[in-house]
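Chains as they are written, first to last, in the numbering used here: chain W, 1 to 480; chain Y, 1001 to 1426.
Incorrect hints may appear among the rest.
Subject to a maximum C-alpha distance of 25 angstroms in a straight line, what follows is the list of computed DSS-like cross-link-like pairs (lysine-lysine) [said to hold, decoys possible]:
1. W:Lys39 <-> Y:Lys1079
2. W:Lys94 <-> Y:Lys1175
3. W:Lys77 <-> W:Lys2
4. Y:Lys1309 <-> W:Lys91
5. Y:Lys1374 <-> Y:Lys1212
6. Y:Lys1079 <-> W:Lys94
7. W:Lys39 <-> Y:Lys1133
8. Y:Lys1175 <-> W:Lys424
9. W:Lys121 <-> Y:Lys1060
10. W:Lys2 <-> W:Lys151
11. W:Lys151 <-> W:Lys106
12. W:Lys223 <-> W:Lys410
13. Y:Lys1133 <-> W:Lys121
14. W:Lys77 <-> W:Lys94
15. Y:Lys1209 <-> W:Lys94
16. W:Lys151 <-> Y:Lys1079
17. Y:Lys1079 <-> Y:Lys1209
18. W:Lys25 <-> Y:Lys1079
19. Y:Lys1374 <-> Y:Lys1155
20. Y:Lys1013 <-> W:Lys39
21. W:Lys39 <-> Y:Lys1155
22. W:Lys91 <-> Y:Lys1133
23. W:Lys151 <-> W:Lys318
24. Y:Lys1212 <-> W:Lys39
25. Y:Lys1175 <-> W:Lys453
26. Y:Lys1175 <-> W:Lys276
27. W:Lys39 <-> Y:Lys1311
Hint data in this document are derived by calculation from the structure and do not stem from the laboratory.
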Amino acid sequence: MKYLDLAMNAAQSLGAEYADIRVQKTTDQVIYLQNLSLKNTSTDVLYGYGIRVFKDGAWGFAHSNVFSDEEVLATVKRAAGIAALSASVNKDRKLRLAPERSYIAKYETPMQIDPFSLPMKDKVELMLEVNRTMLAYEGIRRAMFYLIMHKDEKLFASTLGTRLELNTGWIDPMIIATAVHEGDSQSRTFDEGGRSVGWEWIESLNLTDKAKQIAEEALIKVKADTLGPEERRSLVLDPNHLGLTMHESVGHPTELDRVLGWEADFAGISFATPEKLGNYQYGSPLINFVGDNTLAEGLATAGFDDDGVPGQKWHIIKDGILSEYGSTRDTAPEIGLGYSRGCNRATYYYDQPINRIPNLYLLPGTKELTPGELIADTEDGVYIQGRGSFSIDQHRVNFQFGGDFFWEIKNGKLARPLKKVIYKSCNPEFWNSCDAICDQRFWRPFGVVNCGKGQPGQSARMTHGAAPARFRNIRVGGSK
Amino acid sequence: MNPHFEKIAQYIKTHCQADDYTLNINLSDSHETRFAQNRVTQHIAGANMEIGLEVAFEGKTGSCSVNQSDEASLAYLLKTAQDIARLNRPDPEFMPSLGAQQLPEVQNSDPATRNLEPAKMVEIVQDSIDRAKAFGAAVSGMTEKHYTERFMATKHGFTGYDDGTEFGHSMTLKKDEVETKVSYEAKDFAGFDLEREFAQLLSQAESLKTMKDFDPCQIAVILRPSALEELLWFMGWMMNRRQSDEGFTPFTGQLGQPFFGEKFTWRSTLLQPNLKASPFDREGVVSRELSWVENGVLKNMPTNRFWAKEKNAEALSVFNVHIHGGQATEEEMMALVPRGLIINRFWYIRTVDAKAGELTGMTRDGVLYFENGKVQNAVNNLRFNEIPHLATRRILALGPERLASAYSSIPTMLIDGFTFVDKTTF
């Protein structure tokens, strides 16, 4: 595309120390069906370009959706102009960029069946069948199916000489059954999160069977007992639930921009500060968290980030010790790192990239252990499946989580279903209380497609993964 | 009216083959200077336009949106929406679009704010940083201005237009262990006074210097407007007529009942000139003076057009938040209870139990403990698990209303017996 060179040459002629342009076309196809009524069936396209100019230790970022030589040049000029204004503020404390080399590369999400190629009618028919399956159960008052198919077609060029073509996509199906019974209402959700795959994944999920399961479980849940007062108990957490727990209590605290205080005004800062690197006991020795933007089918797997840095794999927590952060070219030098971990990502063309959680997962246990054996080894506890309410303080220390489906564990057996269970804990108490993780056979990935962060707000995506794990002596109880 | 919008509307009107359509155009032009720890980390400028079209053939609907307005893009928009609709199934809840409506006159836009120069905004940032440095502190925040235009047209003759501006400046100050925040957000820049905002920030920081450990308990709280605003938005999202009628919320069967405390009155209003108010909602329903809660009685709930038809009711939307206040100062509130906490803001509020209406969340940016009518010291941040509509039954006093955001005018509120369940280490 001629605009790439035009923009980069113009940026250099305006004195940019570094500049890049990201031409991005984002297409979302959304189908939202509730109680057999199509609430939204749409295709949404956002197409434009964002230009970053780094000059004298500061950024300027301007964007446009008009494709012409004049507009591209005007956008470069605008970015350079506001970079100069930013630099006038930063003159005593300039930003720096970690070194990076140039790349000429292409990356594409592997897909067998492009979800955009299927007729809308086929997708709607599947969704209607799933909706009907749930509504066939007496007591299910609301059946919901939300399906989103997403693709990003991106061209990236930088003054380093990098030229990238990145075509990525993902699908996210979510099904919810809501039951009403004797003055209460409870929902059960099938939500694997998004995955960077083709339609073949949807075909493999047997969604009608899943619909039966969640409808039945919603009915069990609405009639279930509550747990009663808070006590210290064991928790056995399934991988889907752990995906959200690790996102909030490990992923966000180890974003380097948050550690540096760059998110202080909105999303908050982090307790996991640099002097703790290499010595802080974040979790028990069983805990190994890996950042991996090369993970197959991972939502943050895109070949390169929006700094033009390739996907990497590294330990964030190793044998329980805080090991490293997720970083970007402008945050890494702040703690003396000579490289970025490639975690700078923007949502749309009009968003300036910000430091984002990579694909982040908990490594499975190294000894053979099945979920059944884990439960059989637990005297008194609660088994939590799926994601529910979640809330954590702005230093990422104190948190409270719910879940989607709960079983009381008594003497090594699933004793009775429960509802309205919440648990409270904090970093590092929670991760240090982990005493067992099931093995590789039970490790599963779960996507997050709506991670909100930043001012102005952006929505990013990444994949988490875990095997079922046990946490001892956690405060668990029923809500009001 | 933007002449560009009229051209797009004319194109759709001329070429759309569907029985019905609704065209929405949203234009935004923003400038956002983000600063952190005394330097600029992000600086964004640019405009965008989103053109959304929903069409229907005999109740079969399809939608598409694009962000470019050349003829090829409009042809894609139209074809995509129509193709989806033709392949779709009829929607049993389909509602034909509205015809022409008499819209209220609102003034949501301020030309001086729209024309605010980037250099002036950076000057405000620099001034904020200089003031923080002089205090031996670091400041983080954002200076932003937005201009928006919104246009809606339907096959049946509805035409609506609204333009608006917003200026915002937020500052989070960090000095040693003290963190606290102020923010200004309004439709115009003219009301902004950095000196006043920074003085408030310093006053908060000074009051937080002596921190003591405090355990969670049920205790009286003085909720400042920013804290109360967050809580009420979350409660408001649950307050939906259809969801309530179908049994999913705590408001089931409560319409017309004294469900809230009698000191609690919540309206949406077109009569407060400092409060932004969209003249029409996304279905084209016209905004009018509305009481949601009147002296504790649940008078109305947001209702879409389909559910309004089903229930023989009126379609209604929340278009801003006006909570009635009183005259009590914080000092007077402190004298009304033996002990309590002053809360600046909440953070990460989430639903714990949708049917009960129970929420959780943390305090942030400063919590003060008072006893015997006087602030004694700052305390650590706390987690609450609370049911807001029940909390309104324990309102003891109300302060004067003030702008908490461009869309909300909210008082300080003294509430007895607020439920804190956990604490954090800072």
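Checked hints:
With a C-alpha separation of about 20 angstroms, the suggested pair Lys39 (chain W) and Lys1079 (chain Y) falls inside the 25 angstroms cut-off, and the hint holds. Note on Lys94 (chain W) and Lys1175 (chain Y): the hinted pairing holds, with a Cα-Cα distance of about 21 angstroms set against a maximum of 25 angstroms. Between the alpha carbons of Lys77 (chain W) and Lys2 (chain W) the distance comes to roughly 17 angstroms, so the proposed pair stays at or under 25 angstroms and holds. Pair hint Lys1309 (chain Y) plus Lys91 (chain W) does not hold up; C-alpha atoms about 62 angstroms apart against a cutoff of 25 angstroms.
Note on Lys1374 (chain Y) and Lys1212 (chain Y): the hinted pairing holds, with a Cα-Cα distance of about 15 angstroms set against a maximum of 25 angstroms. Between Lys1079 (chain Y) and Lys94 (chain W) the alpha-carbon distance is near 50 angstroms, which puts this suggested pair outside the 25 angstroms criterion. Under the criterion of a C-alpha separation no larger than 25 angstroms, the hint pairing Lys39 (chain W) with Lys1133 (chain Y) is inconsistent with the structure, at around 52 angstroms. With a CA separation close to 29 angstroms, the supplied pair Lys1175 (chain Y) and Lys424 (chain W) exceeds the 25 angstroms bound.
In summary, the hint linking Lys121 (chain W) to Lys1060 (chain Y) is supported, as the alpha carbons are separated by about 11 angstroms, within the 25 angstroms threshold. Between Lys2 (chain W) and Lys151 (chain W), the direct Cα distance comes to roughly 23 angstroms. Compliance with the 25 angstroms bound is thereby established for this hinted pair. With a C-alpha separation of about 15 angstroms, the suggested pairing of Lys151 (chain W) with Lys106 (chain W) holds against the 25 angstroms cut-off. For the hint pairing Lys223 (chain W) with Lys410 (chain W), the CA-to-CA distance comes to about 20 angstroms; that is within 25 angstroms, so the pair holds.
Between Lys1133 (chain Y) and Lys121 (chain W) the CA atoms are separated by roughly 61 angstroms; this puts the pair beyond 25 angstroms, and the hint is violated. Straight-line distance between C-alpha atoms of Lys77 (chain W) and Lys94 (chain W) comes to about 21 angstroms, which keeps the hinted pair within the 25 angstroms bound. Proximity of Lys1209 (chain Y) to Lys94 (chain W) is assessed by CA-CA distance (about 31 angstroms); at most 25 angstroms being required, the pair is judged violated. At most 25 angstroms may separate the alpha-carbon atoms for a hinted pair to count; Lys151 (chain W) and Lys1079 (chain Y) meet this at roughly 20 angstroms.
In summary, the hint linking Lys1079 (chain Y) to Lys1209 (chain Y) is not supported, as the alpha carbons are separated by about 63 angstroms, beyond the 25 angstroms threshold. Of the pairs offered as hints, the one joining Lys25 (chain W) and Lys1079 (chain Y) holds, with about 19 angstroms between alpha carbons and a cut-off of 25 angstroms not exceeded. Taken as a hint, the Lys1374 (chain Y) and Lys1155 (chain Y) pair is broken in the structure, with Cα atoms around 62 angstroms apart against an allowance of 25 angstroms. Between the alpha carbons of Lys1013 (chain Y) and Lys39 (chain W) the distance comes to roughly 24 angstroms, so the proposed pair stays at or under 25 angstroms and holds.
Proposed proximity of Lys39 (chain W) and Lys1155 (chain Y) is supported: the alpha carbons are some 20 angstroms apart, at most 25 angstroms. This hinted pair checks out: Lys91 (chain W) and Lys1133 (chain Y) have alpha carbons roughly 14 angstroms apart, not beyond 25 angstroms. For the given pair, Lys151 (chain W) sits about 34 angstroms from Lys318 (chain W) by alpha-carbon distance, which is inconsistent with the 25 angstroms threshold. Taken as a hint, the Lys1212 (chain Y) and Lys39 (chain W) pair is broken in the structure, with Cα atoms around 51 angstroms apart against an allowance of 25 angstroms.
For the suggested pair Lys1175 (chain Y) and Lys453 (chain W), the alpha carbons sit about 24 angstroms apart, so the restraint of at most 25 angstroms is met. For the given pair, Lys1175 (chain Y) sits about 21 angstroms from Lys276 (chain W) by alpha-carbon distance, which is consistent with the 25 angstroms threshold. The suggested pairing of Lys39 (chain W) with Lys1311 (chain Y) holds, with an alpha-carbon distance near 19 angstroms, which does not exceed 25 angstroms.
Against the hints set out earlier in the document, violations occur for numbers 4, 6, 7, 8, 13, 15, 17, 19, 23, 24.
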